[in-house]
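Colleague: Chain by chain, the residues:
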Amino acid sequence: GQQLNQSPQSMFIQEGEDVSMNCTSSSIFNTWLWYKQDPGEGPVLLIALYKAGELTSNGRLTAQFGITRKDSFLNISASIPSDVGIYFCAGQGGTSYGKLTFGQGTILTVHP
Amino acid sequence: GAGVSQSPSNKVTEKGKDVELRCDPISGHTALYWYRQSLGQGLEFLIYFQGNSAPDKSGLPSDRFSAERTGGSVSTLTIQRTQQEDSAVYLCASSSLDRGRIYSNQPQHFGDGTRLSIL
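From first to last, the protein sequence lines stand for chains A and B. The numbers in the working numbering rise by one with no breaks, and the one at position 93 of the first sequence is 93. The numbers in the working numbering rise by one with no breaks, and the one at position 47 of the second sequence is 47.
Treat the hints with care, since some could be wrong.
As the list claims (entries may be wrong) - Calculated lysine to any residue pairs in the SDA-like style (CA-CA distance at most 20 Å, straight line): (1) Lys36/A - Asp112/B; (2) Lys70/A - Pro107/B; (3) Lys11/B - Pro39/A; (4) Lys11/B - Thr76/B; (5) Lys36/A - Gln106/B; (6) Lys36/A - Pro107/B; (7) Lys11/B - Gly40/A; (8) Lys36/A - Ala88/B; (9) Lys36/A - Arg115/B.
Claimed, not checked - Non-contacting residues of chain A with respect to chain B, defined by C-beta distances greater than 12 Å in every case (computed): (10) Thr24; (11) Gly59; (12) Asn75; (13) Ser77; (14) Val110.
What the hints assert, rightly or not - Okay, the calculated bits of chain B under chain A, using three or more residues with CB under 8 Å as the criterion: (15) 43-50; (16) 54-66; (17) 106-119.
These are computed hints drawn from the structure, not numbers from a lab. For every residue, glycine included, the Cβ atom is placed at its ideal position computed from N, Cα and C.
Isolated chain A (complex conformation) (with noise of 0.2 Å):
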């Protein structure tokens, strides 16, 4: 089946520092998601990109659906405590549609 490969795992990052995630897929997609989720609670959606080669910002997130439309990354500049969390790549389309294709989330840590 469809796998994303999420990186990095994790990453410890001082407060102000900018941090980039990505995810790969073996399969294309129609539309890229990226999600945040706090302990306890269920994903938040951050953005969603509906193009390939779009590029979308939302406040200090920007994120861009890959050319080949298999590819997508997460930018966050200017990081703050409240960043920390778990973020989640997802894919959605292709020959499935409805349902979303995870990464394995990349585990985000900002010291103050």
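Assemble chain B onto chain A, guided by the hints.
Modeller: Structure of chain B alone, referenced to chain A:
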């Protein structure tokens, strides 16, 4: 409420018992999804509903797992004869149908999940 609501938030039960997990989607959302998240892992798709029908149930791990949706709203995920490997967080998500995109719905919004522990 405004978001996806799941109940119970926590469930502890003995191996072999049946459990029912409930999901109330966002009002007006026609699509509903169930996922499972094991400790430290990403989310694993279980089943997708569009209205009351399930066009994709490919992620259900065994015939002990079933789900239904009634009235195009509330959904129940049932696990029969629970096993210890069923222990996980079960997450529900909903979205509206995007008629402008083939094979795609609007982004999915998640509930906070049911944490299931099988003793």
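Colleague: Next, verify each hint and record whether it holds.
Modeller: Against the structure, the hints come out as follows:
no., hint, result
1, Lys36/A - Asp112/B, "12 Å, holds"
2, Lys70/A - Pro107/B, "18 Å, holds"
3, Lys11/B - Pro39/A, "17 Å, holds"
4, Lys11/B - Thr76/B, "14 Å, holds"
5, Lys36/A - Gln106/B, "18 Å, holds"
6, Lys36/A - Pro107/B, "14 Å, holds"
7, Lys11/B - Gly40/A, "14 Å, holds"
8, Lys36/A - Ala88/B, "19 Å, holds"
9, Lys36/A - Arg115/B, "18 Å, holds"
10, Thr24, "14 Å, holds"
11, Gly59, "17 Å, holds"
12, Asn75, "19 Å, holds"
13, Ser77, "23 Å, holds"
14, Val110, "20 Å, holds"
15, 43-50, "holds (count 5)"
16, 54-66, "holds (count 4)"
17, 106-119, "holds (count 7)"
Checked against the numbered hints given earlier, this structure breaks none of them.
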